[in-house]
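K.L.:
Here is what each chain is made of, one letter per residue.
2 protein chains.
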Amino acid sequence: MSLYVGVDLGGTNIVSGLVDEEGRILARDKRPTRQDLGLDGSLGQMKESIRTVVGQAGDSVRAIGIGSPGPIDPFEGVVLEPENLPAWRNVPLVRIVEEEFGVPAFLDNDANVAALGEQWQGAGKGVKFFMCVTLGTGIGGGAVLDGKLLQGFNGNAAEIGHITIDYDGPPCPCGNRGCLELYASATGIVRRTKERMERERPETSLWEKFENLTAKDISQAAHEGDEFARRMYEETGFLLGVGLVSAINLYNVEVIALGGGMAHAGEILFEPVRRTVRERALPGVRDKVRIVPSQLGDDAGLLGAARMAMQQAE
Amino acid sequence: MSLYVGVDLGGTNIVSGLVDEEGRILARDKRPTRQDLGLDGSLGQMKESIRTVVGQAGDSVRAIGIGSPGPIDPFEGVVLEPENLPAWRNVPLVRIVEEEFGVPAFLDNDANVAALGEQWQGAGKGVKFFMCVTLGTGIGGGAVLDGKLLQGFNGNAAEIGHITIDYDGPPCPCGNRGCLELYASATGIVRRTKERMERERPETSLWEKFENLTAKDISQAAHEGDEFARRMYEETGFLLGVGLVSAINLYNVEVIALGGGMAHAGEILFEPVRRTVRERALPGVRDKVRIVPSQLGDDAGLLGAARMAMQQAE
Chain A
189 MSLYVGVDLG
199 GTNIVSGLVD
209 EEGRILARDK
219 RPTRQDLGLD
229 GSLGQMKESI
239 RTVVGQAGDS
249 VRAIGIGSPG
259 PIDPFEGVVL
269 EPENLPAWRN
279 VPLVRIVEEE
289 FGVPAFLDND
299 ANVAALGEQW
309 QGAGKGVKFF
319 MCVTLGTGIG
329 GGAVLDGKLL
339 QGFNGNAAEI
349 GHITIDYDGP
359 PCPCGNRGCL
369 ELYASATGIV
379 RRTKERMERE
389 RPETSLWEKF
399 ENLTAKDISQ
409 AAHEGDEFAR
419 RMYEETGFLL
429 GVGLVSAINL
439 YNVEVIALGG
449 GMAHAGEILF
459 EPVRRTVRER
469 ALPGVRDKVR
479 IVPSQLGDDA
489 GLLGAARMAM
499 QQAE
Chain B
189 MSLYVGVDLG
199 GTNIVSGLVD
209 EEGRILARDK
219 RPTRQDLGLD
229 GSLGQMKESI
239 RTVVGQAGDS
249 VRAIGIGSPG
259 PIDPFEGVVL
269 EPENLPAWRN
279 VPLVRIVEEE
289 FGVPAFLDND
299 ANVAALGEQW
309 QGAGKGVKFF
319 MCVTLGTGIG
329 GGAVLDGKLL
339 QGFNGNAAEI
349 GHITIDYDGP
359 PCPCGNRGCL
369 ELYASATGIV
379 RRTKERMERE
389 RPETSLWEKF
399 ENLTAKDISQ
409 AAHEGDEFAR
419 RMYEETGFLL
429 GVGLVSAINL
439 YNVEVIALGG
449 GMAHAGEILF
459 EPVRRTVRER
469 ALPGVRDKVR
479 IVPSQLGDDA
489 GLLGAARMAM
499 QQAE
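Protein chains in written order, with my numbering: chain A, 189 to 502; chain B, 189 to 502.
Please keep in mind that the hints were generated in silico from the structure rather than gathered at the bench.
Glycine residues also receive a C-beta, built at the ideal position from the N, C-alpha and C atoms.
Hints may be right or wrong, so weigh each one.
Claimed, not checked - Not the full set, but computed from the structure, chain A residues with beta-carbon under 7 angstroms of chain B:
hint, residue
1, Phe341
2, Glu347
3, Pro358
4, Cys360
5, Asn364
6, Trp395
As the list claims (entries may be wrong) - Okay, derived cross-link-like pairs now, DSSO-like style, lysine-lysine, Cα gap no bigger than 30 angstroms in a straight line:
hint, chain 1, residue 1, chain 2, residue 2
7, A, Lys316, B, Lys404
8, A, Lys382, A, Lys397
9, B, Lys218, B, Lys336
10, B, Lys476, B, Lys336
11, B, Lys404, B, Lys218
12, B, Lys382, A, Lys336
13, B, Lys336, A, Lys313
14, A, Lys316, B, Lys316
15, B, Lys218, A, Lys316
16, A, Lys313, B, Lys316
17, B, Lys218, A, Lys336
18, A, Lys336, B, Lys404
19, A, Lys336, A, Lys316
20, B, Lys336, A, Lys476
What the hints assert, rightly or not - Just some of the chain A residues that point at chain B, by a computed CB distance under 8 angstroms:
hint, residue
21, Phe289
22, Val291
23, Asn344
24, Ile348
25, Pro471
26, Gln483
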């Protein structure tokens with residue numbers, strides 16, 4: 189039996205899993221990333237984590253897959269300079285892991301790996317043209333087209349957070365203007381909500397939390413009947429839907445899964461997203477494409493990383 | 189030796205070619221589509237055209253590929269209801285051609301087929317991640333990812349004409365708002381130019397042609413030093429660049445070829461397109477992606493159709 193290790197490298201924790209070909213997680217290890225220890229210390233945490241799950245597999249481990257915050261170079265196997273991993277700079281991670289464990293290793297960014305995981309075992313199971321969008325501080329994306337993860341010519345595919353929904357919109361740190369993630373990420377909804385509050389002085393329970401407002405606060409208020417908060421989610425869903433329409437019209441995916449913290453808001457977000465897609469996507473598609481919640485939660489990364497190892501080691 | 193027939197079905201003409209595995213066109217036939225004869229007469233023109241080139245191949249023809257204006261269903265092989273082909277409604281073209289000629293036939297829309305042709309023998313030769321954008325009355329697109337034409341789950345991929353560049357923009361007949369083709373197609377630049385003329389009353393040679401203004405008139409005036417006309421192309425290149433940035437950030441293609449009538453405008457269009465891409469695409473990509481003119485002109489369709497037949501008959 190062939191087994192694979194999937195590693196989800198995050199700014200706070202490293203999660204490793206031993207995964208079989210059916211997608212069962214046979215062992216799991218979670219430990220802090222410990223960036224305070226510097227690169228060597230933090231790498232040590234990863235090696236220990238992998239060793240722990242490999243130790244339960246005997247000689248059956250065929251390959252190791254790793255998902256990391258971007259930017260990374262998947263073809264060279266290098267972690268470049270992710271904002272969330274200040275201790276990791278231009279780290280040839282694939283070479284390091286291959287030397288340590290003696291099996292092939294593969295690297296891709298966390299959003300791509302999560303999409304592959306969801307397509308394998310989650311919201312996109314059995315769906316050949318699938319996209320997964322992660323709504324967090326930013327907006328990440330991964331596309332699985334005809335069953336294969338889209339990597340693009342240099343590992344920068346499916347960056348849906350940086351498609352333009354308003355060419356004259358606010359500037360984005362990426363260099364573009366009017367990027368989707370300025371509007372529909374957790375950061376985006378908080379920014380837009382605070383701006384709207386200052387401009388319109390609405391009656392809302394959110395004033396109490398104004399200084400440290402979070403997307404979750406807004407969602408909670410909306411669920412408790414706060415009309416202004418509900419309207420902010422409605423508008424965010426619309427703007428997210430506009431962005432998804434562009435992705436749908438380019439990729440012609442059948443299912444888009446939404447994950448990440450903001451997706452927990454549920455129907456107050458999904459309803460306007462779906463309505464916008466029904467209204468705006470191309471006629472041959474708008475009634476067929478489905479927008480669903482992602483299903484694997486924290487396991488998407490390690491399952492997708494294992495799946496990547498499985499597909500690429502073949 | 190295996191040979192393939194590529195057919196480019198247009199509203200005005202049908203062009204067929206006999207193509208070998210190296211992309212050489214060994215025979216060619218061009219005749220009017222004759223929609224005035226109704227579907228049967230028009231189909232007869234196509235059959236005659238194919239027969240003419242097949243006749244020069246003996247028994248070596250392995251498959252026939254057809255590019256048609258959309259919408260079509262590539263999986264069922266049916267021409268649905270293209271605006272440019274009013275005589276053709278829900279025509280099971282693949283079945284008809286297979287019955288007539290006794291070899292497998294394949295169908296896709298003209299933009300996809302042209303992209304495949306350019307990737308095989310033209311501007312995208314040797315490029316694994318490639319997109320071709322056709323600027324005409326509308327804007328069509330085709331994407332070749334990892335060497336394979338992207339068809340999507342139901343044949344509606346790469347519809348770059350209908351990605352949003354302004355979520356609050358003018359309504360598009362497709363149901364969306366602010367679609368790229370409203371701004372940057374030949375129709376789009378004419379509409380925007382006339383609106384601007386009426387609003388700003390600029391000094392320009394275009395007033396003489398106001399009633400029947402074409403994109404070519406504007407390009408010609410710009411090349412003759414008309415500052416207003418030049419500015420309209422500059423702005424159109426910018427808006428097209430904005431749309432390409434979204435496609436680049438989703439597909440991570442290395443080369444985008446621009447074709448169709450408007451691409452003949454040359455540098456007055458390409459320069460602002462390239463500048464916008466350099467300014468707005470993601471940092472890891474903006475200096476690497478190339479925007480080039482398409483190369484095959486009218487042959488893109490028949491070569492791409494032949495290539496599709498070759499790839500899918502394998």
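K.L.:
Does each hint hold? Answer for all of them.
P.N.:
A quick look at each hint next to the structure:
1. Look at Phe341(A): its Cβ gets to within about 4 angstroms of chain B, closer than 7 angstroms, so that hint holds up.
2. For Glu347(A), the interface hint holds, the least distance from its beta-carbon to any beta-carbon of chain B being 4 angstroms, beneath 7 angstroms.
3. A cut of 7 angstroms between beta carbons decides the hint on Pro358(A): the least distance to chain B is about 13 angstroms, and the hint is violated.
4. For Cys360(A), the interface hint is violated, the least distance from its beta-carbon to any beta-carbon of chain B being 9 angstroms, above 7 angstroms.
5. At its closest, the beta carbon of Asn364(A) sits 4 angstroms from a beta carbon of chain B; the interface hint therefore holds under the 7 angstroms criterion.
6. Because the beta carbon of Trp395(A) sits about 28 angstroms from the nearest beta carbon in chain B, more than 7 angstroms, this interface hint is broken.
7. About 42 angstroms separates the Cα atoms of Lys316(A) and Lys404(B), which puts this hinted pair outside 30 angstroms; it is violated.
8. Restraint check for Lys382(A) and Lys397(A): the C-alpha separation of about 10 angstroms stays at or below 30 angstroms, so the hint holds.
9. Only pairs whose Cα atoms come within 30 angstroms are accepted, and Lys218(B) paired with Lys336(B) is accepted, the gap being roughly 28 angstroms.
10. A C-alpha spacing of about 21 angstroms is found between Lys476(B) and Lys336(B), which places the hinted pair at or below 30 angstroms, so the restraint holds.
11. Of the pairs offered as hints, the one joining Lys404(B) and Lys218(B) holds, with about 25 angstroms between alpha carbons and a cut-off of 30 angstroms not exceeded.
12. As the CA atoms of Lys382(B) and Lys336(A) are separated by approximately 46 angstroms, the hinted pair breaks the 30 angstroms bound.
13. Distance check on the hinted pair: Lys336(B) and Lys313(A) sit about 23 angstroms apart at the alpha-carbon level, within 30 angstroms; holds.
14. As the CA atoms of Lys316(A) and Lys316(B) are separated by approximately 21 angstroms, the hinted pair is consistent with the 30 angstroms bound.
15. For the suggested pair Lys218(B) and Lys316(A), the alpha carbons sit about 38 angstroms apart, so the restraint of at most 30 angstroms is broken.
16. Proximity of Lys313(A) to Lys316(B) is assessed by CA-CA distance (about 27 angstroms); at most 30 angstroms being required, the pair is judged to hold.
17. A C-alpha spacing of about 39 angstroms is found between Lys218(B) and Lys336(A), which places the hinted pair above 30 angstroms, so the restraint is violated.
18. Of the pairs offered as hints, the one joining Lys336(A) and Lys404(B) is violated, with about 42 angstroms between alpha carbons and a cut-off of 30 angstroms exceeded.
19. With a CA separation close to 8 angstroms, the supplied pair Lys336(A) and Lys316(A) stays within the 30 angstroms bound.
20. A C-alpha spacing of about 24 angstroms is found between Lys336(B) and Lys476(A), which places the hinted pair at or below 30 angstroms, so the restraint holds.
21. Among the interface hints, the one on Phe289(A) is violated; its C-beta lies about 28 angstroms from the nearest C-beta in chain B, farther than the 8 angstroms criterion.
22. For Val291(A), the shortest C-beta to C-beta distance to chain B is roughly 25 angstroms, which exceeds 8 angstroms, and the interface hint is violated.
23. Evaluation of the Asn344(A) hint against chain B yields a held restraint, the C-beta minimum of about 5 angstroms falling below 8 angstroms.
24. Of the supplied interface hints, the one on Ile348(A) holds, with its beta-carbon coming within about 6 angstroms of a beta-carbon of chain B, less than 8 angstroms.
25. For Pro471(A), the interface hint holds, the least distance from its beta-carbon to any beta-carbon of chain B being 7 angstroms, beneath 8 angstroms.
26. Evaluation of the Gln483(A) hint against chain B yields a violated restraint, the C-beta minimum of about 20 angstroms exceeding 8 angstroms.
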